[in-house]
Amino acid sequence: MQISVSYKMYNASAVVITALSLLLLMLFLYSMSIGAVPISVSEILRILLSKIGLLDSKATDVQNLVLMNIRLPRLLFTVLIGAGLGIAGSSLQGLFRNPLVEPGTIGVSSGAALGAIIVIMGGKFVGISMSITEGLGQWLLPLFSFIGGIIATLITLQLGKVEGKTQITILILGGVAITALMSAVIGLGIFYADEQQLRTFSFWTLGDLSGATWHKVLLLTPLVLLPAIALSGLARPLNAIALGEAEAFHSGVNIERVKVIVVFCCALAVGTSVAFAGIIGFVGLVVPHIIRMCFSPNHEIVLPASALGGACLLLISDMIARTIVSPAELPIGIITAVIGTPFFIYLLTATKKKKMF
Amino acid sequence: MLEAKNISYKVGGKNIINHCSVEVRPGRFTAVVGPNGAGKTSLLKIISGDMSRYAGEVLINKRNISDLRSDDLSILRAVLPQHTTVNFPFTIEQVIEIGRFAHKTIREHNNVVIDEVMQHTALLDFRGRTYQTLSGGEQQRVQMARVMAQLWDQSNHPKYLLLDEPTSSLDLSQQHALLGLAKSLCKRNIGVLAILHDLNLASQYADEVLFLKQGSPVAYGPVLGVMTKSIIEETFAHPVEVIYDEWTNRPRVFPLMARVPHSIQDQIKQYTYEHAIDR
Numbered sequence: 001m002q003i004s005v006s007y008k009m010y011n012a013s014a015v016v017i018t019a020l021s022l023l024l025l026m027l028f029l030y031s032m033s034i035g036a037v038p039i040s041v042s043e044i045l046r047i048l049l050s051k052i053g054l055l056d057s058k059a060t061d062v063q064n065l066v067l068m069n070i071r072l073p074r075l076l077f078t079v080l081i082g083a084g085l086g087i088a089g090s091s092l093q094g095l096f097r098n099p100l101v102e103p104g105t106i107g108v109s110s111g112a113a114l115g116a117i118i119v120i121m122g123g124k125f126v127g128i129s130m131s132i133t134e135g136l137g138q139w140l141l142p143l144f145s146f147i148g149g150i151i152a153t154l155i156t157l158q159l160g161k162v163e164g165k166t167q168i169t170i171l172i173l174g175g176v177a178i179t180a181l182m183s184a185v186i187g188l189g190i191f192y193a194d195e196q197q198l199r200t201f202s203f204w205t206l207g208d209l210s211g212a213t214w215h216k217v218l219l220l221t222p223l224v225l226l227p228a229i230a231l232s233g234l235a236r237p238l239n240a241i242a243l244g245e246a247e248a249f250h251s252g253v254n255i256e257r258v259k260v261i262v263v264f265c266c267a268l269a270v271g272t273s274v275a276f277a278g279i280i281g282f283v284g285l286v287v288p289h290i291i292r293m294c295f296s297p298n299h300e301i302v303l304p305a306s307a308l309g310g311a312c313l314l315l316i317s318d319m320i321a322r323t324i325v326s327p328a329e330l331p332i333g334i335i336t337a338v339i340g341t342p343f344f345i346y347l348l349t350a351t352k353k354k355k356m357f
Numbered sequence: 001m002l003e004a005k006n007i008s009y010k011v012g013g014k015n016i017i018n019h020c021s022v023e024v025r026p027g028r029f030t031a032v033v034g035p036n037g038a039g040k041t042s043l044l045k046i047i048s049g050d051m052s053r054y055a056g057e058v059l060i061n062k063r064n065i066s067d068l069r070s071d072d073l074s075i076l077r078a079v080l081p082q083h084t085t086v087n088f089p090f091t092i093e094q095v096i097e098i099g100r101f102a103h104k105t106i107r108e109h110n111n112v113v114i115d116e117v118m119q120h121t122a123l124l125d126f127r128g129r130t131y132q133t134l135s136g137g138e139q140q141r142v143q144m145a146r147v148m149a150q151l152w153d154q155s156n157h158p159k160y161l162l163l164d165e166p167t168s169s170l171d172l173s174q175q176h177a178l179l180g181l182a183k184s185l186c187k188r189n190i191g192v193l194a195i196l197h198d199l200n201l202a203s204q205y206a207d208e209v210l211f212l213k214q215g216s217p218v219a220y221g222p223v224l225g226v227m228t229k230s231i232i233e234e235t236f237a238h239p240v241e242v243i244y245d246e247w248t249n250r251p252r253v254f255p256l257m258a259r260v261p262h263s264i265q266d267q268i269k270q271y272t273y274e275h276a277i278d279r
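Chain order of the listed sequences is A and B.
Here the first sequence stands for residues 1 to 357, numbered as in our numbering.
Here the second sequence stands for residues 1 to 279, numbered as in our numbering.
If you're looking for bench data, these hints aren't it; they were derived computationally from the structure.
One thing to keep in mind: the hints can contain errors.
[To be verified] Below, a list of computed lysine-lysine pairs in the DSSO-like style, where the Cα atoms sit at most 27 Å apart:
#1 B:5 x B:269
#2 B:14 x B:213
#3 A:165 x B:45
#4 B:229 x B:187
#5 A:165 x B:5
#6 B:62 x B:14
#7 A:165 x B:183
#8 A:161 x B:14
#9 B:187 x A:161
#10 B:213 x B:187
#11 B:187 x B:62
#12 B:10 x A:165
#13 B:45 x B:269
#14 B:10 x A:161
#15 B:104 x B:62
#16 B:62 x B:45
#17 B:269 x B:187
#18 B:213 x B:45
#19 B:62 x B:229
#20 B:183 x B:269
#21 B:187 x B:5
[Claimed, not checked] If you want a taste of the chain A side facing chain B, the calculated C-beta under 10 Å gives, among others:
#22 94
#23 162
#24 163
#25 166
#26 233
#27 237
#28 243
#29 246
#30 249
#31 253
#32 302
Cβ coordinates follow ideal geometry from the N, Cα and C atoms, glycine included.
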């Protein structure tokens with residue numbers, strides 16, 4: 001399964017990235033054709049090309065509306081979130097030299113969850129009833145969960161500092177402590193929540209991509225893409241860190257700089273994703289492993305491929321979530337776990353036989 | 001030259017290193033020996049730039065290492081640890097390539113360097129192998145190739161290789177192969193500093209030896225001057241005999257067993273007295 005056998009990785013890297021990009025494009029087009037209003041892939045291409053004035057489209061107004069106002073923003077939203085979670089997971093695993101790390105490890109998810117429950121519960125305490133799906137509420141929830149995620153990450157980062165240097169073990173333990181504290185506060189919130197709030201919050205923790213709008217896509221784009229680009233630039237330092245922090249420093253890596261960039265970019269990308277779509281587990285943990293096992297542990301491949309792979313996994317999951325109980329919709333987190341786990345276990349057993357771990 | 005000047009280092013009020021100085025000259029092999037807990041590894045960490053809270057200064061080619069960025073420093077010195085684990089299934093070429101991290105050279109040149117160091121470390125047969133599947137000795141050879149790749153380019157300024165007990169988990173032939181490689185690097189305008197546990201390896205490969213005990217230098221100088229019965233016994237608190245080995249022109253150390261019958265002890269004393277160099 002290991003394609004690369006030499007250090008002349010740049011060819012293999014180009015092949016893997018191109019293949020995954022094509023897969024993503026195909027999934028994207030196919031996914032756009034699926035739903036309550038059927039639109040064929042060729043019709044989709046026609047509509048899209050007509051928007052930039054290249055072709056005339058014979059599509060109905062309904063098809064036009066569904067594609068441009070519902071499916072396109074939703075799928076772009078899905079791709080961005082999947083890519084953000086994938087690259088964040090792979091860079092954190094690389095930084096911590098630990099295959100069990102996922103974006104939640106640095107406290108960002110639980111911090112964001114705390115922010116979310118504050119908004120969901122908050123209306124009751126200040127005496128205004130507020131919807132979190134429309135009006136002011138739809139922006140307040142992402143804002144609070146984003147701030148919660150960032151604050152939790154900063155506290156974790158601060159806890160991990162020993163004599164001015166970030167100690168990874170202490171940082172992970174700090175993340176565990178922060179997560180435990182946040183869970184306690186969230187638990188308290190749940191205790192006082194009414195039925196409706198409880199339901200809203202549980203759905204939020206399982207992830208939800210249905211709230212996508214063009215506004216959200218526009219806001220999400222820089223907040224996910226910029227950290228993703230910054231993280232992609234860290235492939236070589238992360239390769240060196242695989243040998244150990246001291247060894248990476250001896251090879252010329254500015255360790256502290258890499259740590260701060262990785263943690264901050266991940267907090268930004270994951271914080272934004274969680275803020276807009278709730279907690280979507282599994283993608284950040286498993287996609288990097290699948291990429292490493294299928295292709296190469298070289299971060300020059302793992303980082304971009306995890307972004308593409310994360311987007312693909314989330315697109316597939318979203319397709320299933322939208323169609324399997326149609327016209328209702330399953331929470332996305334259930335699907336990512338259900339389709340990702342068996343594949344992951346299969347790879348794990350295949351890899352165990354080859355003694356790669 | 002790589003100079004550590006008057007280094008002192010304390011942890012929680014306890015002196016780990018006391019006024020210790022050492023010079024690594026290009027083309028020379030310097031060994032640091034001493035019992036466990038003598039501060040050898042701390043001294044190496046200070047010299048390699050890992051630690052910043054110490055008294056004294058470390059100069060590399062006349063520049064203070066605390067003023068140098070990690071990438072500039074890595075062009076001048078490489079460090080080989082005792083043992084290196086890699087958590088992900090990297091191939092050995094990928095591991096060796098990490099030695100080229102700070103070099104702003106094109107990929108084709110890096111590949112040539114990687115080929116050359118793999119040839120010198122007899123790793124060509126292992127091409128494409130996953131690092132994790134190699135034995136401890138082979139892994140250490142890959143790491144040696146990595147630090148060689150880091151220092152391989154010809155340059156006007158001298159470079160330095162620091163080794164932290166590099167042979168501690170290697171068998172006899174691997175130990176000599178590794179130290180032989182380190183010694184051969186001296187010809188490339190590289191100065192070598194190695195922490196060694198085996199006094200006979202130190203006396204065979206080193207030009208200068210520093211004896212450390214409880215963080216303080218006991219003796220420091222050319223092998224023939226310091227590898228003596230009195231200095232070794234003072235440093236390690238263990239009886240030894242030292243003879244001059246005519247074949248290698250080096251001292252040879254015989255540590256005595258803890259409980260040796262008096263008759264045998266007398267025979268050893270008689271033999272080593274006849275061959276001793278510091279009578």
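Restraint satisfaction for residue 166 of chain A [CB to CB of chain B, less than 10 Å]: Nearest chain B Cβ about 15 Å off; hint violated.
Residue 45 of chain B paired with residue 269 of chain B [C-alpha distance capped at 27 Å]: This hinted pair is violated, its Cα atoms lying about 39 Å apart.
Hinted contact residue 94 of chain A with chain B - closest CB pair below 10 Å: 8 Å, holds
Hint consistency between residue 269 of chain B and residue 187 of chain B [alpha-carbon to alpha-carbon, up to 27 Å]: 39 Å, violated
Pairwise hint evaluation, residue 62 of chain B against residue 187 of chain B, where the allowed Cα distance is 27 Å at most: 21 Å, holds
27 Å limit on alpha-carbon distance, applied to hinted pair residue 14 of chain B and residue 213 of chain B: 14 Å, holds
27 Å limit on alpha-carbon distance, applied to hinted pair residue 165 of chain A and residue 45 of chain B: 15 Å, holds
Pair hint outcome, residue 62 of chain B versus residue 229 of chain B [Cα-Cα no greater than 27 Å]: Distance of about 36 Å is beyond 27 Å: violated.
Distance restraint between residue 213 of chain B and residue 187 of chain B, which requires alpha-carbon spacing of 27 Å or less: At roughly 31 Å apart (the allowed maximum being 27 Å), residue 187 of chain B and residue 213 of chain B break the hint.
Given pair status - residue 5 of chain B, residue 165 of chain A, alpha carbons within 27 Å: Judged against 27 Å, a Cα distance of about 25 Å means the pair holds.
Pairwise hint evaluation, residue 45 of chain B against residue 62 of chain B, where the allowed Cα distance is 27 Å at most: Measuring from Cα to Cα gives roughly 19 Å; hence the hint holds.
Proposed proximity, residue 161 of chain A with residue 10 of chain B (alpha carbon, max 27 Å): 20 Å, holds
The structure fails hints 1, 4, 6, 7, 9, 10, 13, 17, 19, 20, 23, 25, 26 (numbered hints given earlier, in ascending order).
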